[in-house]
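Undergrad: Going down the list, the sequences are from chains Y and W.
The first sequence runs contiguously to residue 231 in numbering that gives the first Met the number 0.
The second sequence runs contiguously to residue 585 in numbering that gives the first Met the number 0.
Don't read these hints as lab results, they were simulated from the structure.
No experiment lies behind these values; they were computed from the predicted model shown.
All C-beta atoms, glycine included, are put in the ideal place defined by N, C-alpha and C.
Errors might be hidden in some of the hints.
For lysine-lysine, the following DSSO-like pairs were computed, each having C-alpha atoms within a straight-line distance of at most 30 Å [said to hold, decoys possible]: (1) W:K111 / Y:K39; (2) Y:K211 / W:K111; (3) W:K446 / Y:K39.
Simulated coverage check for chain Y against chain W, where a stretch passes if three residues somewhere in it have a Cβ under 8 Å from a Cβ of chain W [unchecked claim]: (4) 3-11; (5) 39-45; (6) 190-202.
Derived contacts from chain Y toward chain W, CB cut-off under 10 Å, selection only [what the hints assert, rightly or not]: (7) S51; (8) I98; (9) S129; (10) D177.
Chain by chain, the residues run as shown.
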Amino acid sequence: MKFRIYRYDPESGKAPFMQDFELDFDPQGKKVLDALIAIKDTLDDSLAFRRSCREGVCGSDGFNVNGKNVLACVTALEGLKEPIEIRPLPRLGVIRDLIVDMAQFYQHYRAVKPYLINLDPEPENERLQSPEQRAELDGLWECILCGCCTTACPSFWWNPERFLGPAALMQGYRFIADSRDQATDERLDFLEDPYRLFRCHGIMNCVEVCPKGLNPTAAIGKIKSLLVKRAL
Amino acid sequence: MIPKRTFDAVIIGGGGAGLRAALQLAEANLKVALISKVFPTRSHTVSAQGGITAALANVSDDNWHWHMYDTVKGSDYLGDQDAIEFMCRNAASAVYELEHMGLPFSRLDNGKIYQRPFGGQSQNYGGEQAIRTCAAADRTGHALLHTLYQRNIAARTQFFDEFFALDLMRDEEGVITGVTALEIETGQPWLFEARATLLATGGACRIFRHSTNAHINTGDGLGMVLRAGLPLEDMEFWQFHPTGIPEVGSLISEGVRGEGGFLVNKEGEKFMSRYAPNAKDLASRDVVARSIAQEIRAGRGCGPHGDYVHLKIEHLGAEMIKARLPGIRELSMQFAGADPITDPIPVTPTAHYMMGGIPSNMHGQVVAPVRTGPEEATPGLYAVGECACVSVHGANRLGGNSLLDLVVFGRAAGMHMIEYLRENPIPRPMPQEQVDKSLARLARWDKKAGSETVAGLRAAMQKIMQDHCGVYRTEALLKEGLELLDQVEARLPDAALSDHSRMFNTARLEALELENLMPIARATLVSALARSESRGAHTREDHPKRDDDHWLRHTLYFRAGDQLDYKPVRLKPLTVETFQPKERTY
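Assemble the whole structure, with the sequences as input and the hints as a guide.
TA: Below is the structure:
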């Protein structure tokens, strides 16, 4: 199989380049991550990339494969056009090869206060939540923070420091939507900002690339409609 | 001189156990650093699926005594009953605490936390199936890990993400004074000085070729402990989960059978009723794994090579599968090419969990015999989670008890560390020769020429462990495995990397990980060879019976000379009567 992989070695003083690899590999049932590991194990141990769970739940191995942001570990090799072109996620700084600097992405995540705020005394047992109330969280809490959506978003490309991006906004809404959370107003105050939230123009790249099948655009839409309702 | 940071406490590992302990310390306003080789939500806790067990009695009549009985029985009586009582007693409050933190548990119609049946659970000491495992769909580990990480953000825990811990610094009096660690992005080694160090580095199933574990599960804390001259406990006990996807290894939760799924062989027979007439598909994991292995051996396996069986859930219906088992469906479609709404899932026993580990007590203190005397706590050193052996899981862990272990003992260790730090306010000097030794170990991988590769040696080790230390073991098989491992270990000094860069050198990381895995594989083979009985997950075909007269005791493995020592099982619980060992049937 033929691969073309983005290489950058910060210690070499050289500019990034695309390197071709040819791997003797049966793609049947195998994923892009399997091929990357085989390249590292047998051809070039200096190829650097993050990986952990290898089953699409930890969010380590988001890369741009043949032009689309994907998780390498759940992306089948079969059917991909060769040479398979693998690049780091767009827009973030590259540390080395396929490893990007996620600091900005995590900072936006932290900015939305991604934790339950409830100042009532804790009950002896669980707080009650109906299955319907709990269903409001489905499609939100499953986010694995891989960064595929945010780095596919043109609004983030233009304003990476100020626009929070789809992943962080969806986690912001995850707590607004939680019947146990008491900080909706505070959260909306923070989000009501021409950049943090309103740079989203509903382009929906995030929805197209999310490897977990989540819909950040819908979550952002719900924040916007809450803001409208609040203003009325 | 290498740069140094000083904290009250250092925690190694950002999974559920490390995060829970960090939270306790950070909320007590102590200066705590959490060092993790991956961003914390990439830790393997995220892969836990089915749930966390606690006798909340939201669905079936229940209490912690029954949970305790099931856990003792599940452990094949090797679990320490004081620690098991402690865990089961504290289970409900630990789960409520997670709920209060915001964990998005699935809910029952009355708004309470959803619970599902899991293997080895009973009411009334071995009676009807209990419904005890609390779940967030089939992504409970994800929910738990993210919730704990989020709480730590709120508590302003100081994270050192993508730092790889190298060695424990142990002074002449045996006190742990911190660790050396490598900043992965820059390649800079650091000294982390702390009066208390907690290991929460997770499991090590990457010693096997096929495992449900993440690539990162390389037992780094165990390697550190062995290098510090401390022992490992019960390393012969590795859980083979009955239902992993063949070749790939991905886990298919026991919750699938809890929700009504069942196993069939190629003849379509629900074979579990032959092996466990009462509990059937919800027998303990060791029992189900052996049953599947038997079916495959008898030529009743499915597929072109007859090397797996089928797990069926079509009868549950699409709506239920999508609501309760969405993650399983996704994994099955991605890795087995089967949509469980219409097709059976191929499954086979797969290395999943390390019951043994760093010997610790229920406060998380690492305990070891001192010279010829009884065991004592190692000052300044703690271990919790899968890397630790408390032992609450004994010879076989029950499903849903691992997430519980993380939070109960993460909290307990945090609380004990707060006390310890109060009583030991003065930091002790770092032993310089140990710092030098650690740096020399790191520098070893700068060697330019070598005839061996890290990937080659790792694959060789994994194959040995897969072939010689699987579900069924014999003396001959284990002996041969150990000889082969000797040969592979002897080649390790000849290994070299071609990548000698500093920044984000993942080749070097994999080399350091292999240096942790290799002695764990050895500890496993040596411990398994000595234990001439079958108990829990350790099945010796040449010694098919459990032998309480000789083997109702814990193994301790020391690296120096592959020495073994033993210590008694703590049969006396904290407040209740002992559950006396008896024959274990399901």
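Undergrad: Against which earlier hints does the structure fall short, listed by number upward?
TA: 1 and 6
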